[in-house]
Amino acid sequence: DTAVSQTPKYLVTQMGNDKSIKCEQNLGHDTMYWYKQDSKKFLKIMFSYNNKELIINETVPNRFSPKSPDKAHLNLHINSLELGDSAVYFCASSRTGSTNTGELFFGEGSRLTVL
Amino acid sequence: AQTVTQSQPEMSVQEAETVTLSCTYDTSESDYYLFWYKQPPSRQMILVIRQEAYKQQNATENRFSVNFQKAAKSFSLKISDSQLGDAAMYFCACRNRDDKIIFGKGTRLHILP
Numbered sequence: 026d027t028a029v030s031q032t033p034k035y036l037v038t039q040m041g042n043d044k045s046i047k048c049e050q051n052l053g054h055d056t057m058y059w060y061k062q063d064s065k066k067f068l069k070i071m072f073s074y075n076n077k078e079l080i081i082n083e084t085v086p087n088r089f090s091p092k093s094p095d096k097a098h099l100n101l102h103i104n105s106l107e108l109g110d111s112a113v114y115f116c117a118s119s120r121t122g123s124t125n126t127g128e129l130f131f132g133e134g135s136r137l138t139v140l
Numbered sequence: 017a018q019t020v021t022q023s024q025p026e027m028s029v030q031e032a033e034t035v036t037l038s039c040t041y042d043t044s045e046s047d048y049y050l051f052w053y054k055q056p057p058s059r060q061m062i063l064v065i066r067q068e069a070y071k072q073q074n075a076t077e078n079r080f081s082v083n084f085q086k087a088a089k090s091f092s093l094k095i096s097d098s099q100l101g102d103a104a105m106y107f108c109a110c111r112n113r114d115d116k117i118i119f120g121k122g123t124r125l126h127i128l129p
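In the order they appear, the protein sequences are chains A and B. For the first sequence, the working numbering assigns the number 26 to the initial residue and increments by one for each residue that follows. For the second sequence, the working numbering assigns the number 17 to the initial residue and increments by one for each residue that follows.
I should point out that these hints are in silico values taken from the structure, not numbers from a laboratory. Since the model is a prediction, treat every value here as computed from it, not as a measurement. Where hints are given, some of them may not hold.
As the list claims (entries may be wrong) - 27 Å max Cα-Cα, derived DSSO-like pairs, lysine-lysine:
1. A:Lys69 - B:Lys121
2. B:Lys89 - A:Lys66
3. B:Lys121 - A:Lys61
4. B:Lys121 - A:Lys66
5. A:Lys34 - A:Lys47
6. B:Lys89 - A:Lys69
7. B:Lys71 - A:Lys65
8. A:Lys66 - A:Lys47
9. A:Lys92 - A:Lys47
Said to hold, decoys possible - Here are a few chain A residues that face chain B, going by a calculated C-beta distance under 7 Å:
10. Lys47
11. Glu49
12. Ile70
13. Phe89
14. Gly127
15. Glu128
16. Leu129
17. Phe131
18. Gly134
Unchecked claim - A few chain B residues that don't get close to chain A, going by computed Cβ distances all over 12 Å:
19. Gln30
20. Gln55
21. Leu63
22. Gln73
23. Arg79
24. Asn83
25. Asp115
26. Ile127
Cβ coordinates follow ideal geometry from the N, Cα and C atoms, glycine included.
Just chain A, with the same shape it has in the complex (with noise of 0.2 Å):
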């Protein structure tokens, strides 16, 4: 069983296109995020989710539109593709509140590319 799971794993798209990317958890944590790790490998974060609600939004394009139809899923949308929007983008989850163990259980990562 996959603990955080996306789809699709590959994405390639023309730029201008508008793409999305979905991720889903089934370990029962409140908190998803979304990450974004560059071609120097930087690993930067872009939203945070909390049961639905948004907790975090680190200054990313308005082009990006994070949803959470539930606490287990978090997609990401993407209008008007941008070269520099080619990446890895990574779903992850983990827990709040008194059970929080800190660390965050990430997805296998979407490899995004621009053309």
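With chain A held as given, fit chain B onto it using these hints.
The following block gives chain B in isolation, referenced to the frame of chain A:
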């Protein structure tokens, strides 16, 4: 806001030897977590070890151990008896309780046969 610094972009170690990866961090909180994650070529992010700041004892997981120096804000990872499968990017990370995790820029570890 937290910051995490890994000063070694790349390191190499002979198989079966011991290597230490360095990490320093900064946070204004007293309650936080520290982590080392491993990212092999498969790109999966794997938790190697975690440390809660209030615990003085250094965390250990089999061949992996940390040297946690709270006053110096230092959190180094020691890998003993290095194996070929240890070759990966290693990320140090810091999380204030119930806050985002901030990652360092990573250290690429090469294992020489």
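Comparing the hints with the structure gives:
no.	hint	result
1	A:Lys69 - B:Lys121	holds (10 Å)
2	B:Lys89 - A:Lys66	holds (24 Å)
3	B:Lys121 - A:Lys61	holds (13 Å)
4	B:Lys121 - A:Lys66	holds (7 Å)
5	A:Lys34 - A:Lys47	holds (10 Å)
6	B:Lys89 - A:Lys69	holds (21 Å)
7	B:Lys71 - A:Lys65	violated (33 Å)
8	A:Lys66 - A:Lys47	holds (22 Å)
9	A:Lys92 - A:Lys47	holds (9 Å)
10	Lys47	violated (18 Å)
11	Glu49	violated (17 Å)
12	Ile70	holds (5 Å)
13	Phe89	violated (16 Å)
14	Gly127	holds (3 Å)
15	Glu128	holds (5 Å)
16	Leu129	holds (6 Å)
17	Phe131	holds (4 Å)
18	Gly134	holds (5 Å)
19	Gln30	holds (24 Å)
20	Gln55	violated (8 Å)
21	Leu63	violated (5 Å)
22	Gln73	holds (16 Å)
23	Arg79	holds (19 Å)
24	Asn83	holds (19 Å)
25	Asp115	violated (8 Å)
26	Ile127	holds (18 Å)
The structure shown violates the earlier hints numbered 7, 10, 11, 13, 20, 21 and 25.
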